[in-house]
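Visitor: Note that the protein sequences, when read in sequence, are chains E and F. The first sequence begins at 7 in the working numbering and counts up by one. The second sequence begins at 18 in the working numbering and counts up by one.
Treat the hints with care, as some may be off.
Interface residues of chain E toward chain F, partial, derived using beta-carbon atoms under 8 Å [as the list claims (entries may be wrong)]:
#1 Ser-24
#2 Lys-319
#3 Arg-347
#4 Val-351
#5 Asn-359
#6 Glu-361
#7 Tyr-367
#8 Val-450
Some, not all, of what chain E presents toward chain F, calculated at C-beta under 7 Å [to be verified]:
#9 Arg-371
#10 Val-405
#11 Arg-407
Footprint (simulated), chain F over chain E, 3 or more residues, beta carbon under 8 Å [said to hold, decoys possible]:
#12 277 to 288
#13 382 to 389
#14 408 to 417
Honestly, the hints are just simulated from the structure, not real lab data. Here the structure is a predicted model, which is why all the values come from computation and not from measurement. We put the CB at the ideal spot given by N, CA and C, even for glycine.
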Amino acid sequence: MAKERKARLSSEAKPAESYVEKPKTLAVLRAEIAAGHTRATDLAASYFERIASVNPRLNVYLSITRERALEQAARVDDAAAKGNPLGPLAGIPIGIKDVLVMKGAPATAGSKILEGYKPPYDATSVSKLEAAGAVLLGKLNCDEFAMGGSNENSAYGPVRNPVDTERVPGGSSGGSAAAVAANMAVATLGSDTGGSIRQPASFCGVVGVLPTYGRVSRYGLIAFASSLDRVGPFAGNVRDAATLLGVIAGHDPKDATSSPAPVPDYAAESDKRAEGLRIGVPAEYFGEGLDPEVRAAIEKGIDALKASGCTVKPVSLPHTKYAIPTYYLVATAEASANLARFDGVRYGYRSPNAETLSDLYCHSREEGFGAEVKRRILLGTYALSAGYYEAYYRKAQQVRRLLAEEFLSAFAEVDAIVTPTSPVPAFKLGEKSNDPLAMYLADVYTVTASLAGICGVNVPCGATSAGLPIGMQVLAAHLDESTAFRVARAVEDAQL
Amino acid sequence: MTAKVTVKEVERVAELAHLELAPEETQHMLKDLNAILDYVAELNELDTTGVAPLAQISELDDTAGAGVLRPDLPLPSLDRAAVMSQAPETDQVFFKVPKVIER
Numbered sequence: 007m008a009k010e011r012k013a014r015l016s017s018e019a020k021p022a023e024s025y026v027e028k029p030k031t032l033a034v035l036r037a038e039i040a041a042g043h044t045r046a047t048d049l050a051a052s053y054f055e056r057i058a059s060v061n062p063r064l065n066v067y068l069s070i071t072r073e074r075a076l077e078q079a080a081r082v083d084d085a086a087a088k089g090n091p092l093g094p095l096a097g098i099p100i101g102i103k104d105v106l107v108m109k110g111a112p113a114t115a116g117s118k119i120l121e122g123y124k125p126p127y128d129a130t131s132v133s134k135l136e137a138a139g140a141v142l143l144g145k146l147n148c149d150e151f152a153m154g155g156s157n158e159n160s161a162y163g164p165v166r167n168p169v170d171t172e173r174v175p176g177g178s179s180g181g182s183a184a185a186v187a188a189n190m191a192v193a194t195l196g197s198d199t200g201g202s203i204r205q206p207a208s209f210c211g212v213v214g215v216l217p218t219y220g221r222v223s224r225y226g227l228i229a230f231a232s233s234l235d236r237v238g239p240f241a242g243n244v245r246d247a248a249t250l251l252g253v254i255a256g257h258d259p260k261d262a263t264s265s266p267a268p269v270p271d272y273a274a275e276s277d278k279r280a281e282g283l284r285i286g287v288p289a290e291y292f293g294e295g296l297d298p299e300v301r302a303a304i305e306k307g308i309d310a311l312k313a314s315g316c317t318v319k320p321v322s323l324p325h326t327k328y329a330i331p332t333y334y335l336v337a338t339a340e341a342s343a344n345l346a347r348f349d350g351v352r353y354g355y356r357s358p359n360a361e362t363l364s365d366l367y368c369h370s371r372e373e374g375f376g377a378e379v380k381r382r383i384l385l386g387t388y389a390l391s392a393g394y395y396e397a398y399y400r401k402a403q404q405v406r407r408l409l410a411e412e413f414l415s416a417f418a419e420v421d422a423i424v425t426p427t428s429p430v431p432a433f434k435l436g437e438k439s440n441d442p443l444a445m446y447l448a449d450v451y452t453v454t455a456s457l458a459g460i461c462g463v464n465v466p467c468g469a470t471s472a473g474l475p476i477g478m479q480v481l482a483a484h485l486d487e488s489t490a491f492r493v494a495r496a497v498e499d500a501q502l
Numbered sequence: 018m019t020a021k022v023t024v025k026e027v028e029r030v031a032e033l034a035h036l037e038l039a040p041e042e043t044q045h046m047l048k049d050l051n052a053i054l055d056y057v058a059e060l061n062e063l064d065t066t067g068v069a070p071l072a073q074i075s076e077l078d079d080t081a082g083a084g085v086l087r088p089d090l091p092l093p094s095l096d097r098a099a100v101m102s103q104a105p106e107t108d109q110v111f112f113k114v115p116k117v118i119e120r
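The shape of chain E in the complex, shown without the other chains (with noise of 0.2 Å):
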């Protein structure tokens, strides 16, 4: 072992160029914001200088909001110099992904058919955390229409891999992801339709949040695939991610799928210890193609779970594989319907050699959206055209229906099911995509808890040789996500 560790090491003499750096928890930064030690200005200046600084590297940002933090900062300086409440994330320096629309900010969902464009209204998430005191410091970068693993696929460059440059932070919210690993943010908000926070916040080492279904408006987000879109946070660690679910969670009659649940106290949640909980491994996620190092870290996290006084054993998801082709009926299908109304003529890119409307819907689309897009938008196209509508996409709901009933037994028996956030580390730039099955392989450990709408939470689990973060991926089931964050809580502890 040590003479291959020793060869390799000598081949890969250059070591890996890293931005990472850890941003200060809520409860330190709250702290010197009250008694008045930082600035809420001062903060959100230091953000706006680290941004700077690193951007042109990694590429996170496609756009900062500047007047508008700055504007907010100052009114937490002044309600914390007369002494008035302070909300939750009172001058808390946040970042939203590009999907996520803030009034007159640009918004292009990392696509060029939206390059210029300016929303006239608040995403609800980005209103609650705003509310809430947040200074709101841009817009993230992402893959285009938040389809894609790997933040390859936006028009406008990938998002570089704080951890090591030459790799993929993951996607579709790399952008969101990497802010938090290179402290460009201390949080940040994602949006999830089939991993994408939940794979690169595993890529990058910071913990990730898929809320419920339903959980957290989706007002606002562009929408890609409507029934299993979800926003989520993304922070260093597990409380101050709940802290960032509890502000954004709740029923918005502005979205009619939003659930009208209460929401509990997440943060208080997440400090209640796992003793006595119930862990559920499916044997379905540790077969092959699972990177050994990756095996190994999350039989770690599964031993510290245990010393922790949980227990554990295994459950069966046997139609765990079919998640995929499942997923990818849905949601094409979806997005075929979701991106219909990106065709140059209300908003956004419209093409300027058009003479007919007909050329006027062609010529923008086929011009401003990117290849990946496209792929999707005929899958989906073609899985809902008149005779293949039963083969295909209400095949696929039927399928869909198992995969959720699926998990609903294996709550009965378990409060949380763990697995490898993703079967391998992040990967190079360039290395996958141009084999877009291998993509799409790479998604088969998290399309099953999007299908099935249920929680779920990525929490660091220690690293490769290699030095590159390994995420243990805790789900739990409808509306429980507090039990999420009490497993993540004490993966986190044992600080593996």
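Given the coordinates of chain E, work out where chain F should sit on it, guided by the hints.
Guide: Positioned in the frame of chain E, the structure of chain F alone reads:
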């Protein structure tokens, strides 16, 4: 049973999706769609007789919020000027597009 997509089908689907593919793009899409659809044929391994399609998570018994509808009343929408400021071509009231019908 493996579905094989034909060039004609790719072109028809592109037409439905208002996408115009260049010849190289059509060939590339053909390859990708065939590869993905082969993968997708796996679903037919499963017997789903009698299984109701799951279209919305709120259908599942243990989730709250099964689509309560708001009263059917018109409410104020977005500010027209703000919306039109983003339009590629407008007279400030309507979105302008190339003529559809030749008089």
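Visitor: For each hint, tell me whether it holds in the structure or not.
Guide: Hint check:
1. Ser-24: Interface hint status for Ser-24 of chain E: violated (35 Å vs cutoff 8 Å).
2. Lys-319: violated, 21 Å
3. Arg-347: violated, 11 Å
4. Val-351: Since the shortest Cβ distance to chain F is 5 Å, the answer is holds.
5. Asn-359: Check failed: Cβ of Asn-359 of chain E comes no nearer than 11 Å to chain F, outside 8 Å.
6. Glu-361: For Glu-361 of chain E, the interface hint holds, since the closest Cβ of chain F sits about 6 Å away, which is under 8 Å.
7. Tyr-367: Result: holds, 4 Å to nearest chain F Cβ.
8. Val-450: violated, 12 Å
9. Arg-371: holds, 5 Å
10. Val-405: holds, 6 Å
11. Arg-407: holds, 4 Å
12. 277 to 288: violated (count 0)
13. 382 to 389: Contact hint for the stretch 382 to 389 of chain E vs chain F: holds, 5 residues under 8 Å.
14. 408 to 417: holds (count 3)
Comparing the model with each numbered hint stated earlier shows that hints 1, 2, 3, 5, 8 and 12 do not hold.
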